[in-house]
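> When you read off a place in the sequence shown, starting at 1, and then add 457, the result is the number in the working numbering.
Treat the hints as calculated values from the structure; they're not laboratory data. Fair warning: this is a prediction, and the values are worked out from it, not measured in the lab. Idealized CB from N, CA, C, for every residue including glycine. Don't take every hint at face value.
[Unchecked claim] With beta-carbon atoms standing in for the labels, derived distance ranges:
1) Q648 to A473: 17 to 25 Å
2) S590 to R516: 18 to 26 Å
3) E474 to P592: 27 to 35 Å
4) E576 to E699: 38 to 46 Å
5) E576 to E723: 22 to 30 Å
6) E699 to F537: 30 to 38 Å
7) V701 to E477: 41 to 49 Å
8) A636 to F537: 34 to 42 Å
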Amino acid sequence: MLDPAEIYEVDEDVAAELDERAAVGTGPVLVHAVRGFVDAGHAGEIAAEHMVDELRTRRLVTFDVDQLLDYRSRRPMMTFDASTWSEYEEPELVVDLVDDAEGTPFLLLHGTEPDVQWERYVAAVRQLVERFSVPLTVGIHGVPMGVPHTRPITLTAHATRPDLVADVPSWFGMVRVPASAQTLLELRLGQSGHDAMGFVVHVPHYLAQSTYPQAAIAALHRLERTTGLELKVGELEGAAQEAVRQIDEQVAGSPEVASLVQALEEQYDAFTRGIGRAGLLAATDLPTADELGAEFERFLAEQGPDEG
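Build the full structure now, drawing on both the sequences and the hints.
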């Protein structure tokens with residue numbers, strides 16, 4: 458493997474600030490919400506943008522995206538204005554030092570998921586975890602599920618140690634799905650003795666490619682509960698209410714969609730009424746692990762090469 462330290466630069470002034478603050482307490486939690494892999498409802502993307510917009514941030518680490526991206530697979534956008542190229546949406550992959558609403562520092566890894574050199578990228582993040590004494594790494598994103606938007610949002614949790622997610626119900630047995638840099642990061646951190654976990658928000662499959670702030674709110678609330686951070690989640694409530702209004706209008710205007718939502722409500726309610734895993738499986742026509750994996754792969758296949 459090529460030297461992982463050569464694909465990123467650290468702002469040493471910001472690092473010194475972090476080191477000084479960490480000297481009087483524990484190291485900062487690392488949150489990652491990287492675009493490129495499936496992120497139904499843009500849950501992770503909205504959450505990351507919210508934290509950057511609403512909280513104080515300083516750029517700590519900048520990755521060399523030229524070494525990590527396949528530009529022909531995911532072409533950045535440019536703006537042509539009359540007779541000149543006026544703007545280029547330069548891709549980035551960065552770690553920001555963020556202060557939560559109470560002034561507690563944490564790290565936020567966000568930007569574009571690497572297309573290549575995953576092991577080198579993961580090794581680089583591990584170097585950062587060890588340099589800054591990160592006690593816990595947490596990832597967030599959304600996946601499409603057969604659930605209605607009219608019921609409480611659920612999520613799946615995963616971690617390098619079972620006790621880290623013991624309080625979150627498990628919705629799956631064993632299922633094989635396409636890998637991502639995010640999931641590989643969690644696996645490798647666990648193998649090297651570091652605590653890491655993630656929360657996957659279940660987004661109604663008919664809203665998977667829409668902007669669904671409710672999913673980001675659910676992810677952020679869970680992040681707050683797990684880490685003790687204060688993330689100003691209430692600032693997203695207005696956008697969430699507007700999204701619900703638009704969804705309800707669309708459902709009311711389409712008998713087919715209304716029928717789908719009703720069927721999902723009945724299945725969801727039957728599931729939550731069940732007692733025990735066997736009762737749940739007997740009470741509802743739930744998909745098998747193979748069917749879930751196939752549906753997941755179909756969703757990924759529907760994403761164009763420029764998605765994310």
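> Mind checking the hinted window 30 to 38 Å against the Cβ distance between E699 and F537?
Given about 32 Å between the Cβ atoms, the range holds.
> Given the hint of 34 to 42 Å, is the C-beta distance from A636 to F537 inside that range or not?
36 Å, holds
> For the hint 27 to 35 Å, verify it against the beta carbon of E474 and that of P592.
19 Å, violated
> Given a hinted range of 18 to 26 Å, is it respected by the beta-carbon distance of S590 and R516?
With a Cβ separation near 20 Å, S590 and R516 satisfy 18 to 26 Å, so the hint holds.
> Range hint 41 to 49 Å: satisfied by the CB atoms of V701 and E477?
44 Å, holds
> Taking 22 to 30 Å as the hint, is the beta-carbon distance of E576 and E723 inside that range?
Distance hint for E576, E723 is violated at roughly 45 Å.
> Honestly, do Q648 and A473 meet the 17 to 25 Å range at C-beta?
Taking Cβ atoms as reference, Q648 and A473 lie about 31 Å apart, which means the hint is violated.
> Could you tell me whether the CB distance from E576 to E699 stays inside 38 to 46 Å?
42 Å, holds
Figure legend: structure checked against the earlier numbered hints; hints not met, in rising order: 1, 3, 5.
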